[in-house]
Amino acid sequence: MSESLDKNIPYSNMSYGTEPTRMVKFMRSCFIIQLFNFFKLNLKVMRIVVKGHS
Amino acid sequence: MAKVVVLGAGISGHTAVSYLSKYLKKDHEIVMVSPNSNFQWVPSNIWVGVGLMTPDQVKFKLTPVYKKMGVHYKQALAVAIHPEGDLENEKGFVNIKYVSEDRKDVEEKVTYDYLINATGPKLNFEATEGLGPKKFTQSVCTYDHAAHAWSNLQEAFQKMENGERQTFLVGTGHPMATCQGAAFEYILNIAFEINKRKLNHLADLWWITNEYELGDFGMGGAYIKRNGYITPTKIFTESILKEYGIRWIKQAGVSKVEKGVTHYETLDGELNAIKFDFAMLIPGFAGVGMKAFDKKENDISSKVFAGNGMMKVDADYNPKPYENWSAKDWPLIYQSTSYKNVYAAGIAFAPPHAMSKPMESPNGTKIFPTPPRTGMPSGVIGKIVAQNIIHQIKTGKVDHPHEASMAKMGAACIVSAGYGLRKGQAAVMTVNPIVQDWEKYPKWGRNIKDTVGVVGTAGHWMKLFMHYMFIYKAKAKPFWWLIPE
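The listed protein sequences derive, respectively, from chains V and B. Heads up, the first sequence is in this note's numbering, so the first residue is 1 and it goes up one at a time. Heads up, the second sequence is in this note's numbering, so the first residue is 1001 and it goes up one at a time.
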């Protein structure tokens, strides 16, 4: 893809975005962390939906 | 006995009819009018568009479900409403035209005591020359469009496997289109599929959007709590695109599409073009084009509907500058401004104004997203409209105990990128409320404690979980009402 095109060109749009480190990439697919996130996010979404209408 | 008529079996209309049938079917009549014979779970159309699901996995037949619910289902198109009735009918009624094989083109007047207009949007491909699956671009707005997109995407993949370089263009196909989230999800899925096939070196991926900054999503952007910082969604979105190797064009209003070329104007007034081999561009939305007539058959459409064809409800439609917009402008109960027994739910109601700041190019072209109202808010609105009607029928009172302003309700946006229990990823973003309320939340415009922006496998599990859970709910299987909207 355009990985070698814009990302490393100074002042290009793409050069300003953040990129995940190896640690972040690991955490994104770590089963234990993601299982915890799954329940945490579901709870959060449920709370937002329920308290959003009367 | 009261008769409630619901127009449209999308997420909002189907939710409304489910609650109406649960609480009223024994003593009252519930009628559903929809030209579609299937219910579709629209968020999963993205997976149909990359071949990870078949159309049959995201849709089901409505007839058996409505039979079970005790709802009278008419597979027909609503053509016009007569809220005051006519010389023959004292009650309000809807003119419908059947589209089902057995009664095709038969017209009927369906009277009502209460009417819910949940007709959703017209996919306005005609507003952009050359746009749409019948012309030069693809769409994922319906399951058949998504299946068509997948067949074209496969051809592009095949060409890449033969060594041919391909350019993919995904985004908004009209200067005022909305639903950026769906297009964003689609381009991430395309990038994932290309990566899976190890064809990265032959792909150029472009995101084209009418947003002033990426991450606006038609709601004026948001601030999210992320890794110990309060981060604007601009950074969040740009970072995701960068990670997937997708370049972007922002502040772009697509004006015309030709075979392999998209023409667009940017906010600074420049006219540009970009070549593509595969393009999926979301069209602008409009009302479905229903008319309204008074008792003497005078056309009162402009009184009942806004200029875009969507129904005017209890919102503040007085034109005002962006600086004076308020959360209080947004409707609470979705009751028609003209007729108290008529409601508009989901995309069918006319928003009082945009959420994103209106922008105009030096050539006078308005280039900014209109407000998104899909998924979660549509379901919630359908539910509270039904609950208020149920309350009025059961108690005889004309009050509305249930309210759901988009300036008070939150929403979650799950943008999947990849598929599979181990390999699937998704970006999850929550905001509360959807419409910024700068009076209540002067610092961030929204409740920062309720916002989140994370990427991970958990988001993908959520998206999969929701797919099965909401199809279960829509089929009205046991205890469906325990599942929130």
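Read the hints as simulated data drawn from the structure, not as lab findings. Misleading hints may appear alongside valid ones.
Below, computed lysine to any residue pairings styled on SDA-like, alpha-carbon distance capped at 20 Å [stated by the list, open to error]:
1. V/K7 <-> B/K1234
2. B/K1225 <-> V/M27
3. V/K44 <-> B/Q1387
4. B/K1423 <-> V/R22
5. V/K44 <-> B/S1326
6. B/K1408 <-> B/F1465
7. B/K1423 <-> V/G17
8. B/K1408 <-> V/M27
9. V/K44 <-> B/K1250
10. B/K1449 <-> V/M46
11. B/K1250 <-> V/G17
12. B/K1423 <-> V/S15
13. B/K1423 <-> V/K7
14. V/K51 <-> B/Q1387
Results of checking the hints against the structure:
1. V/K7 <-> B/K1234: holds, 17 Å
2. B/K1225 <-> V/M27: holds, 17 Å
3. V/K44 <-> B/Q1387: violated, 24 Å
4. B/K1423 <-> V/R22: holds, 16 Å
5. V/K44 <-> B/S1326: Distance of about 26 Å is beyond 20 Å: violated.
6. B/K1408 <-> B/F1465: violated, 26 Å
7. B/K1423 <-> V/G17: violated, 23 Å
8. B/K1408 <-> V/M27: violated, 33 Å
9. V/K44 <-> B/K1250: Cα-Cα ~31 Å, so violated.
10. B/K1449 <-> V/M46: Judged against 20 Å, a Cα distance of about 14 Å means the pair holds.
11. B/K1250 <-> V/G17: holds, 15 Å
12. B/K1423 <-> V/S15: violated, 27 Å
13. B/K1423 <-> V/K7: violated, 24 Å
14. V/K51 <-> B/Q1387: Within the cut-off at roughly 16 Å; holds.
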